[in-house]
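Novice: Each chain, letter by letter, is given below.
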Amino acid sequence: MKNDQTYNDKGSVLVIALMTMTILTMICATSLYITSQNTGAGVQTAAWQQSLTGAEMGIDAAVRALNQSASPSASPNPNPWTNWKTVNSTLPTPAPSSSPVLGYTYEPTGGNAVGSGSPPPDTSHYYYLPSANLSISYPNTEGTTAVNAWVTIDTWGTLSNSNGSWYRVRSTGQAAFQANSVYKRVSSNRLDSDLRNTIAMNLYGGANRKGGSSLGPTRTIEAILQPVPKGGSARAITLSNWLAMTGGGSVDAFSSPNGQWSSAFRDASNPMLVAEGATGNQAKFANTGQTYVYGGVTYSGNAPTNVNANSGNPPVKDVLGQVSTPAVVSLPTPTDPTAVSGNSGHYNWTYQNPWSGTTTNYSFNSSTAYSSGGVPTAITANGTASSPGLIIINGDFTVPGGKSFTINPTTTGSPPVASSSNSNVIIWVQGKFTTSGSGMITQSSGTSVTWIVDGDLTVSGSSYNNQNGTAATDSFVGIGNNKFTDSGSGTFVGTVNAPGYAGTISGSGDYTGAFAGSNLTISGSGSFHYDEALSGGSSNPAIGNYAYASWFEDNSDPTHKDTKGNYVVY
Amino acid sequence: MKIFTKTKYAAFTLTELMVSVGCGVLILAAVVAAGVSLQKSYAATEAYSTTEGNELRVLDYVAMDCRRATSGTVPGTATPTPYVGTGSFVSGSWVAASSGTMALILSLPVYYSSTSSSAAPNTPTLSSGVITYGSGSVTVSYQQSGTNFTREVIVQNSGGTVLSDTITPIAQNVASFAVTDTDLTNWISCSIMFFPTFTHNAGNGTWWSGLNNPDTAPANSVGSNGDWYAINGTATDPTTVGNVYFKSGGTYSLVENEKATTVACKTFLRNASAR
Chain A
1 MKNDQTYNDK
11 GSVLVIALMT
21 MTILTMICAT
31 SLYITSQNTG
41 AGVQTAAWQQ
51 SLTGAEMGID
61 AAVRALNQSA
71 SPSASPNPNP
81 WTNWKTVNST
91 LPTPAPSSSP
101 VLGYTYEPTG
111 GNAVGSGSPP
121 PDTSHYYYLP
131 SANLSISYPN
141 TEGTTAVNAW
151 VTIDTWGTLS
161 NSNGSWYRVR
171 STGQAAFQAN
181 SVYKRVSSNR
191 LDSDLRNTIA
201 MNLYGGANRK
211 GGSSLGPTRT
221 IEAILQPVPK
231 GGSARAITLS
241 NWLAMTGGGS
251 VDAFSSPNGQ
261 WSSAFRDASN
271 PMLVAEGATG
281 NQAKFANTGQ
291 TYVYGGVTYS
301 GNAPTNVNAN
311 SGNPPVKDVL
321 GQVSTPAVVS
331 LPTPTDPTAV
341 SGNSGHYNWT
351 YQNPWSGTTT
361 NYSFNSSTAY
371 SSGGVPTAIT
381 ANGTASSPGL
391 IIINGDFTVP
401 GGKSFTINPT
411 TTGSPPVASS
421 SNSNVIIWVQ
431 GKFTTSGSGM
441 ITQSSGTSVT
451 WIVDGDLTVS
461 GSSYNNQNGT
471 AATDSFVGIG
481 NNKFTDSGSG
491 TFVGTVNAPG
501 YAGTISGSGD
511 YTGAFAGSNL
521 TISGSGSFHY
531 DEALSGGSSN
541 PAIGNYAYAS
551 WFEDNSDPTH
561 KDTKGNYVVY
Chain B
1 MKIFTKTKYA
11 AFTLTELMVS
21 VGCGVLILAA
31 VVAAGVSLQK
41 SYAATEAYST
51 TEGNELRVLD
61 YVAMDCRRAT
71 SGTVPGTATP
81 TPYVGTGSFV
91 SGSWVAASSG
101 TMALILSLPV
111 YYSSTSSSAA
121 PNTPTLSSGV
131 ITYGSGSVTV
141 SYQQSGTNFT
151 REVIVQNSGG
161 TVLSDTITPI
171 AQNVASFAVT
181 DTDLTNWISC
191 SIMFFPTFTH
201 NAGNGTWWSG
211 LNNPDTAPAN
221 SVGSNGDWYA
231 INGTATDPTT
241 VGNVYFKSGG
251 TYSLVENEKA
261 TTVACKTFLR
271 NASAR
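Chains A and B, in that order, give the protein sequences.
Per the working numbering, the very first residue in the first sequence carries number 1; after that it's consecutive.
Per the working numbering, the very first residue in the second sequence carries number 1; after that it's consecutive.
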């Protein structure tokens, strides 16, 4: 019997199928992994951007609080420090570590509420605004579920300038993920993780360096805010165009008890002194190995020649303070008084002081007019500060050699005593103002004079004796586009506000006060001294607001290293 | 007794076999084609994602550093920063070279202590009306290196000694880098062009970029067959910027519907203005 039933079936199909399925599964898994990494990188990029908006939100909150504390307002909330806390210590600045410190790397806790009307923090305290007041959440979403920020304000020491304390504002923003979010995984690209500060999220037990136990990228901004005094925008020398200093003089600022300059009263903080609106190619410092400006220069256009020169032996910088650009020069244009229709001798005049920023409306119900050649040798200033007397000179006003002109105060009592509160006068010269040769104008002590000049203005310290010794008592207001000339060997004490004038200061005499014009050439050996009392004084000036002095984004992370093992913190 | 067991062997006919083989081939071809298409699509998506990541990273880096840049000098020179020029850093000092690639050089505040490896922050100081951090200098330079875009960070102490000099390629596949429309005192405008990354065209040669001269096609003397050419911002005709050419048979021809990608940022120098 033949029973041929040999079968040779080999079961390779199952193996092949399993292998195929395995390979396909691996391909799919790899694709999904890479895709999810890309998605994660995209989400974290967005989160990183959101954390910046959070950090900026904190900075804005601090600036608003500081500004409101400087200039209180009833609305929308009279308390600038609502929800702010104060901590009785300095802001800690240790090195970041795996155990971050509250107040520096982590959100501060504790402290007491800052009282309404409190000033900004002093050197032994810091303020902070908790994240509960600077957060927005959207919990039922994919990706980030909230943006939080917290911000601190401190003085980091005793550093300040004549305007007051400067403040360090450090704000940290964080875009937070859910605790079980798949996006807590960082990108597979180390470059992204290094930049966006996300690699630490998988370290320290899932904690972010700056965000405590919250997951998500953080960004910190450290801004330094400087106080800006109330008052006008004008500086010591404010020009819609340029300044040229070619002689041996210098420019500085001072604050003294009696308003008179001495090098002992020089402002050593080197404040911004010179503002040039459009330099073209004319602005310059001669760079002869001397200091020209004991302060800062701001300009628009071409940089003045030698602003940062450092010549001489030993080297001396021409400008000791900050040189910055652009300069925003916005000088109000003064105008003549206007006659009141139907009322002979009545005038109205509105004037804005560019240094104090105050605007005053004058109404003159009477005035005294003189012809160009009929001005007496002496007049009396007889008015209050808000209602000064008005004298009109119909034409040029010239005090030639050998002649004199005296402005006397109103007196009271016997023997007579000058009453400074009743010795204010405005003299409107409807032509040129000239003193020449040995001609002399004497402005007596106790008087306050404002000259409105419609033509060229030629004066000198030798021919204008301001016996008050303070610049605020002698003001020249130049109308139109003319020339200003100051020469001689005496010290001129006063201010010149002539935005359209081309100025020249020559000779060996100093100039104490301030100047605002179109351009100015200082060619002599005399120096220019800015009296800070003109803009509110330097000892305790009223702060109008705070401005940015520095801005830095802290993108550091102690875990960042490059491929060579170097820490990458910038 | 003879037991006769009739074994019946069944088989396909030739016609059936040919039909089944044909169907199988069609199915396999479809599967292979689908697989290839999926692979290409995946590769293209991956390339797009990678390129987008490069673009975002470059913009974020440049914008962040411009925002926090301050005034300083280019190491080894008296040239003030921000600075734009051609050359490179050698041992921490800038060496200008007219034939070099453009670099954007920024100075950063010395915010972190150079003596600590854990990013300890320096406290600010006020001097002459200027806020400064620490001593020494931190200089960041952005520059194209081949098809990489690099960020170089040079940290020096107050004596000028280089404490660290780290170059990190932060993006690949870069065609050109330009800093334009800037006065370096208020704003900095940067643009970075990336070569397109496509997979459905033939050729895998070298990427070139540069002036389209004349403004119709790149010079055929450049490169070899299989090379690509992207027109960068130096072209006299701005409408040609981004055009992509492929060299075949010794001549370049325009690749339709393909453009190089350019990303740009215009960043306000906050420290310059704040002061």
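It cannot be assumed that every hint is accurate.
[Claimed, not checked] Listed next, the stretches of chain A that the computed footprint assigns to chain B, with coverage defined by at least 3 CB atoms under 8 angstroms from CB atoms of chain B:
{"#": "1", "region": "130–141"}
{"#": "2", "region": "268–278"}
{"#": "3", "region": "544–553"}
[As the list claims (entries may be wrong)] Looking from chain B toward chain A, a few residues come up when the C-beta cut is under 10 angstroms (computed):
{"#": "4", "residue": "LEU126"}
{"#": "5", "residue": "THR168"}
{"#": "6", "residue": "ASN186"}
{"#": "7", "residue": "LYS266"}
Calculated from the structure, these hints are not laboratory results.
All C-beta atoms in this analysis are idealised placements derived from N, C-alpha and C, irrespective of residue type, glycine included.
Novice: Hints first: check each against the structure and report whether it holds.
Specialist: So, going through the hints one by one against the coordinates:
For the region 130–141 of chain A, the stated coverage by chain B is not satisfied: 0 residues place a CB nearer than 8 angstroms to a CB of that chain, which falls below the threshold of 3. For the region 268–278 of chain A, the stated coverage by chain B holds: 4 residues have a C-beta nearer than 8 angstroms to a C-beta of that chain, and at least 3 were required. With 7 residues bearing a CB less than 8 angstroms from a CB of chain B, the region 544–553 of chain A meets the requirement of three and the coverage assertion stands. Annotation: interface hint on LEU126 (chain B) holds; nearest CB of chain A at approximately 4 angstroms, less than 10 angstroms.
About 6 angstroms separates the beta-carbon of THR168 (chain B) from the nearest beta-carbon of chain A, less than 10 angstroms, and the hint is met. Hint status for ASN186 (chain B) relative to chain A: holds, with the closest Cβ pair at about 7 angstroms, below 10 angstroms. Interface hint at LYS266 (chain B): violated, since its Cβ lies 16 angstroms from the closest Cβ of chain A, which is beyond the 10 angstroms cut-off.
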